[in-house]
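Student: Given these sequences and hints, build the entire structure.
Protein sequence lines correspond, in order, to chains R and H. For the first sequence, the numbering used here gives the first residue as 3, with consecutive numbering after it. For the second sequence, the numbering used here gives the first residue as 224, with consecutive numbering after it.
Treat the hints with care, as some may be off.
Taking lysine-lysine and the DSBU-like style, the derived pairs with C-alpha atoms no more than 30 Å apart in a straight line are [to be verified]:
1) H:Lys359 / R:Lys224
2) H:Lys291 / H:Lys440
3) H:Lys291 / R:Lys428
4) H:Lys440 / R:Lys216
5) H:Lys348 / R:Lys224
6) H:Lys466 / H:Lys440
7) H:Lys466 / H:Lys359
8) R:Lys216 / H:Lys348
9) H:Lys413 / H:Lys440
10) R:Lys224 / R:Lys428
11) H:Lys440 / H:Lys348
12) H:Lys242 / H:Lys466
13) H:Lys242 / H:Lys291
14) H:Lys348 / H:Lys359
15) H:Lys440 / H:Lys242
Since the hints were made in silico from the structure, they are not lab data.
Here is how the chains run, residue by residue.
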Amino acid sequence: MTDTTSQPIPPQRKSFVQQLELDTRLLGMVGAFIILCIGFDFITEGRFLTPRNIFNLTIQTVSVAIMACGMVFIIVTRHIDLSVGALLATCSAIMAMTQTDILPNMMGLGLGHPLIAPITIVVGIAAGALIGAFHGYLVGYLTIPAFIVTLGGLLVWRNVGWFLTRGQTIGPLDETFMAFGGINGTLGPSLSWIVGGVLTVAAIAAMWNGRRSKASHGFPVKPVWAELTLSAIIASAIMGFIWVLNSYEIPTARLRRMFEARGEVMPEGFTTTYGLPISVLLLIGIAIAMTVLARRTRLGRYIFATGGNPDAAELSGINTRMLTVKIFALMGALCAISAVVASARLANHTNDIGTLDELRVIAAAVIGGTALSGGLGTIHGAILGALIMQSLQSGMAMVGVDAPYQNIVVGVVLVAAVLIDIIYRKRTGDH
Amino acid sequence: MTAPLVEMRDMSISFGGIKAVDHVTVDLQPGEVVGLLGHNGAGKSTLIKMLSGAYQPDGGQIFINGEKVTINNPRDARAHNIETIYQTLALADNLDAASNLFLGRELVTPFGLVDDAAMEAETRKIMGRLNPNFQKFNAPVSALSGGQRQSVAIARAVYFNARILIMDEPTAALGPHETQMVAELIQQLKAEGIGIFLIDHDVHQVMNLCDRASVMKNGQLVGTVNVNEVTDDDLLGMIILGKHPHENAA
Ligand SMILES: Nc1ncnc2c1ncn2[C@@H]1O[C@H](COP(=O)(O)OP(=O)(O)OP(=O)(O)O)[C@@H](O)[C@H]1O
Ligand SMILES: [Mg+2]
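Tutor: Written as structure tokens, this is what we have:
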């Protein structure tokens, strides 16, 4: 019997980039994104890459990005969910009614009660997860193709949302609830720096922890300088992002109103900045949780195994039907969280909320490298995909491209992105 | 006489009118290798899939150590220490060797997270036994050769202390050296008291490795013989003509 020590791992000469062991596909996407941003900034004469616009871009991306995280798992397991926009609308309707009518009036909490927002969110997530689980049951146990189930779901939930509210716009929403919308709920400069610092330390710690665990089994690890370079890149990316958001000053008039609302008088010459929006922090939290789920939990392993070979997963004792229910339930819960962000951003529940989001969400996941053939996809890719789509759309709007042309460009970009991906995978022999 | 390790009694299953397995009875003793032979489509894989939990039989009973058991799914089979190397290998192509080896039985850290490093270390150990040339531990198994993939499937079946091992054409894609290693592995597992069903088209290999051989034709059992009481030609006759050698002699 031979053990590991008798199989030396042959040292290989590698290039600088290879030694960093970066995902070249991700690098390509980041590169495309940077070129896009610089391009728009150039055309708009510096209006695109301002703290204000970057702030707006991030809060506009959150809702689609949150759902895209769930869509990754759906597509990885060779399914699709066409109902996410409609499900968002139903969840939004349920939550709007819960916070403006059911809790304050019927349950007698009264408007503005601090428990309204948390209860509303729990109710919304429960509703989303339940509806998602039902879709998953139809797909997994009754073996109706997900395309059909969720196409039906699109029609059903869009109109259940309408039916619940009789087509009316509901608002204004609860104050605390609206903090999840973006501009109405930000951490301010100091707290943002702290969050940035914590995230940086956590990211670097996770990286070095992985290295230690590899080294403890005697596996090859990256050279220390490569790890240090990566750590430096991560730290500057996170802190740079926080710095940009912390550079967006709250307009004086708005500040004065905020002080007045608290019954105080604004000191003369007082300025402060928005900092990290709570909705973005929420997205970051979801992204981390979903990445851990995908890579480090059994459930995540089973999702990818099922996507790679459903029969093999079944033969390995994985209950792929129940897995389907869980994945769709997760998608439904994420739709509800997106509904919180989307309705809070608008300060109202509107009937057409989330319209066409299913297409944006699927496009984000696919541009982000999720393969429709199953088994492949990353959470960070999908979020970057959402960001690229949103930048493209906002940038074109800023340049003054008409809406129909915007859609044509987005459509072309989606197809081109997939084509580039296919060519890339063929070249690298990646699958 | 003690009860056999496995007895599959009067097993039947059909797929839309085709009787894939038609009232077949086979058994297996501890430390015994029973070869399953038959032409393509004879029903060999289907028979053993009823033991591994992949298919539910239409009729018949399964006994393990004399006790009647119901195997409804692959989890039940694993719970009875039945491990299977499928003809199709049943690997998730997008995952690496270690993830496939431990699929459904991942090693976890104290926090309940999958411990990839520990699984890779275990995989390196067992692959060192089965296929020392194997080095592609960090590639998805889709990037492996047919034989390398087969090694991963074999490693998965032997790693978890099987009592009953089902091998469906385990050496179909292997080179001569690797085939020899599997033959040695079978001898070693047999010596440890494991019972093995071996499906193989190579009559010579079956004569060398097996104690008994059961031959199937068109879903039915032609017969079961002790290999040291028959010749290669007898077995071939059973496979091709469906004739039992002793009927022949009579
Ligand atoms: N899932 C299935 N659905 C329908 N028919 C099936 C299925 N599985 C097997 N069969 C049929 O059952 C019969 C037996 O197939 P089986 O795979 O058991 O043959 P085999 O003896 O293993 O053949 P080979 O040597 O080619 O592997 C064949 O006629 C096959 O077409
Ligand atoms: Mg077969």
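Student: If a hint holds in the structure, say so; if it does not, say that too.
Tutor: Evaluated hints:
no.	hint	verdict
1	H:Lys359 / R:Lys224	holds (17 Å)
2	H:Lys291 / H:Lys440	holds (27 Å)
3	H:Lys291 / R:Lys428	violated (52 Å)
4	H:Lys440 / R:Lys216	violated (51 Å)
5	H:Lys348 / R:Lys224	holds (23 Å)
6	H:Lys466 / H:Lys440	holds (10 Å)
7	H:Lys466 / H:Lys359	violated (46 Å)
8	R:Lys216 / H:Lys348	holds (15 Å)
9	H:Lys413 / H:Lys440	holds (27 Å)
10	R:Lys224 / R:Lys428	holds (26 Å)
11	H:Lys440 / H:Lys348	violated (40 Å)
12	H:Lys242 / H:Lys466	holds (20 Å)
13	H:Lys242 / H:Lys291	holds (24 Å)
14	H:Lys348 / H:Lys359	holds (13 Å)
15	H:Lys440 / H:Lys242	holds (11 Å)
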